[in-house]
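Protein chains in written order, with our numbering: chain A, 1 to 273; chain B, 1 to 273; chain C, 1 to 273.
Which copy is meant is left open, because identical chains are indistinguishable; a pair holds if it fits in one copy or across any two.
Taking lysine-lysine and the DSSO-like style, the derived pairs with C-alpha atoms no more than 27 Å apart in a straight line are: (1) 105 <-> 49; (2) 241 <-> 194; (3) 134 <-> 105; (4) 194 <-> 238; (5) 11 <-> 194; (6) 134 <-> 106; (7) 194 <-> 140; (8) 241 <-> 11; (9) 11 <-> 134; (10) 106 <-> 49; (11) 49 <-> 140; (12) 194 <-> 240; (13) 157 <-> 181; (14) 140 <-> 11.
Rather than coming from a laboratory, the hints here were simulated on the basis of the structure.
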Amino acid sequence: MFGTQLENVRKTIPLVHNITNYVTVNDCANILIACGASPIMSDEIEDVKEITAICTALNINIGTLNQRTIPAMFEAGKISNHYGHPIVLDPVGAGASSYRTHITKKLIEEINFSVIRGNISEIKAIAVGSDTTKGVDANKGDTVTSDNMDSVVAFAKEFSQKVGAVIAITGAIDIVADSQKAYIIMNGHPMMSKISGTGCMLSAITAAYIGANQDNIIEACAAAVCAMGLCGERAFAKLKKDEGNLTYKNRIFDEIFHLTPDILEAGARYEVC
Amino acid sequence: MFGTQLENVRKTIPLVHNITNYVTVNDCANILIACGASPIMSDEIEDVKEITAICTALNINIGTLNQRTIPAMFEAGKISNHYGHPIVLDPVGAGASSYRTHITKKLIEEINFSVIRGNISEIKAIAVGSDTTKGVDANKGDTVTSDNMDSVVAFAKEFSQKVGAVIAITGAIDIVADSQKAYIIMNGHPMMSKISGTGCMLSAITAAYIGANQDNIIEACAAAVCAMGLCGERAFAKLKKDEGNLTYKNRIFDEIFHLTPDILEAGARYEVC
Amino acid sequence: MFGTQLENVRKTIPLVHNITNYVTVNDCANILIACGASPIMSDEIEDVKEITAICTALNINIGTLNQRTIPAMFEAGKISNHYGHPIVLDPVGAGASSYRTHITKKLIEEINFSVIRGNISEIKAIAVGSDTTKGVDANKGDTVTSDNMDSVVAFAKEFSQKVGAVIAITGAIDIVADSQKAYIIMNGHPMMSKISGTGCMLSAITAAYIGANQDNIIEACAAAVCAMGLCGERAFAKLKKDEGNLTYKNRIFDEIFHLTPDILEAGARYEVC
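Next comes chain A alone, as it looks inside the complex (with noise of 0.2 Å):
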């Protein structure tokens, strides 16, 4: 079924304006012209009025924000709540800082947000007020599980009622939900993790997916996460024995890049429930 999505952002190349940090934020432009989407990037408040309204779908990052950019960060998802875009949050580091947890909540209460997408530990941080959040990656005593699964799909979908977002949950296993259904998505490889931003990146995608999807967000988000995991197993299985971190990343924008509806029907791998 995720063909579709894709192909929606292929035809229709959905102009994403990002709001998101500096680390990470040249792999968000390169992977959104890969999936065949267009990036703009503006975090100044006088000039995300009007950058915004030209595009199609916000991505909102929280992963350097600072007192400069929060402002814009609310200024634009205003607007583009005002002109019914759909936005993305990535709460980075939430759990992290009282300052991180406390911008996100906010950020949540204020602006209607379409997808809410981070790691385990950085969810919980923001639904129930847990710390555990180790940096920017998920704390290990928060993985999701087999074992866990039930309950962890539950609180997501309990949560996406409360906020009125999907929820994308990631790591080994994804969950990606909203108060009636959730997927439960297989695909990725361990070796994401050695990259700093393969969560930014899904992101920035998963905006130009719900962009280029507006009448079915939950499928374009849980197509994006699918189309992220399915392009890091297939550059992992053409990484070489002496190639690390930074080929690899290289690899998953190629896949990114080749990603054709066809192969990403063959290869998504998940259950809904």
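Start from chain A and add chains B and C according to the hints.
For chains B and C alone, kept in the frame of chain A given last:
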């Protein structure tokens, strides 16, 4: 002819001060080194005075302009003018927001630029007030073709006369014009548009070329445009079937790194009119 | 001996807080992962207090310092001192502007650094007030050679005694000194100077190494310097004829990623004096 311009870059290793966006800044740094120059980045107003003074050329790129860095752009521009250093302006996204268009116009009013380089929509936005820019990409309706070539060349010459800078309009066909003559450059490959920041990188190396060839700005600029386009072609020729945009980017840098005067002379494709 | 230091990084996965420039920040993040550590970036003063508290080590790099981030550097430094976390200072461009030199000196006055790592011109600028730094590169007149080695080693030891930090002067020959002894390190390859940020990357992994080896700062720092240089050599050995600086960068990361204690032990080339 352009071999000499490249030789001068490699001989003099111009130090280029960049006030540029945080999206493609690393690419600007590495492509400056690849072409034979040396980069420095500084956007703090208290720091730029001395930094720009010790440099050979300045590259101002408004891709992620903000209230903190804009005053530094004006300051660095004025000091470069004071010392007679050549300056490139890259008005990223001019026409996409009135803020970007406004700041660009004010920069052009207050600073004497040697080269203004942008896509056709950006240049039209600042020259005639159109607002057709699609994010950071040119609008398809603005594309330079053999049909509208004469009028675009006339427009570029006229705008050059008005602002006193060489105008470089880059896209599938590139035009580099002063008030008297224009280079129409055919180098390049469509795949270059699949990388974020080929324009930014070109502006950076243009600053290096004009820094090393200060008595011949238009030829230096045309040489930089040919060099970038030619390396885009040569990189594509080596691209394997399953390689995508990030590997392509690596290969462009590799070609810029190994470009020799002879290869540039042999590969440059342009007309003068 | 340095195998142990590397092993400790891989075993303890130190979380490294980076306040660094936006030019090479992505490389710092990915090389930290490649070497076995975990990166987090935060430069907002309201955020750094808690972020630096949960980290193992801090890396302060002034490459694109500005009025917003400088107070965050001081804050993070003081908190790291409070917790006894080791800190690296990378005074990028000290000597190229009086602003950079001044901020660096103030940082050294107010914060106890474990390691100060820079090129010879930067270190001389902060130690003796020279201003020979050529942008972000060392001045050729300052180069460490076998002829001036003894005096540079004596200078490094003296400066180390004065400021209480290990001094790492890196270039074609690297010197890592405390007040008592110095490592003279021969690893590395000239091609490393053709990549933007090898110094920044080295500072980042130095923070990881000293974070994982807190009772032996000088050996940890020397191990990091050998590791980076050795991987530069190994990456160059695999570089194909038409590959340039960006592919070379990828290969360095791949080597850092696959570096083992045995390879490091066998390849480290240094003398102690």
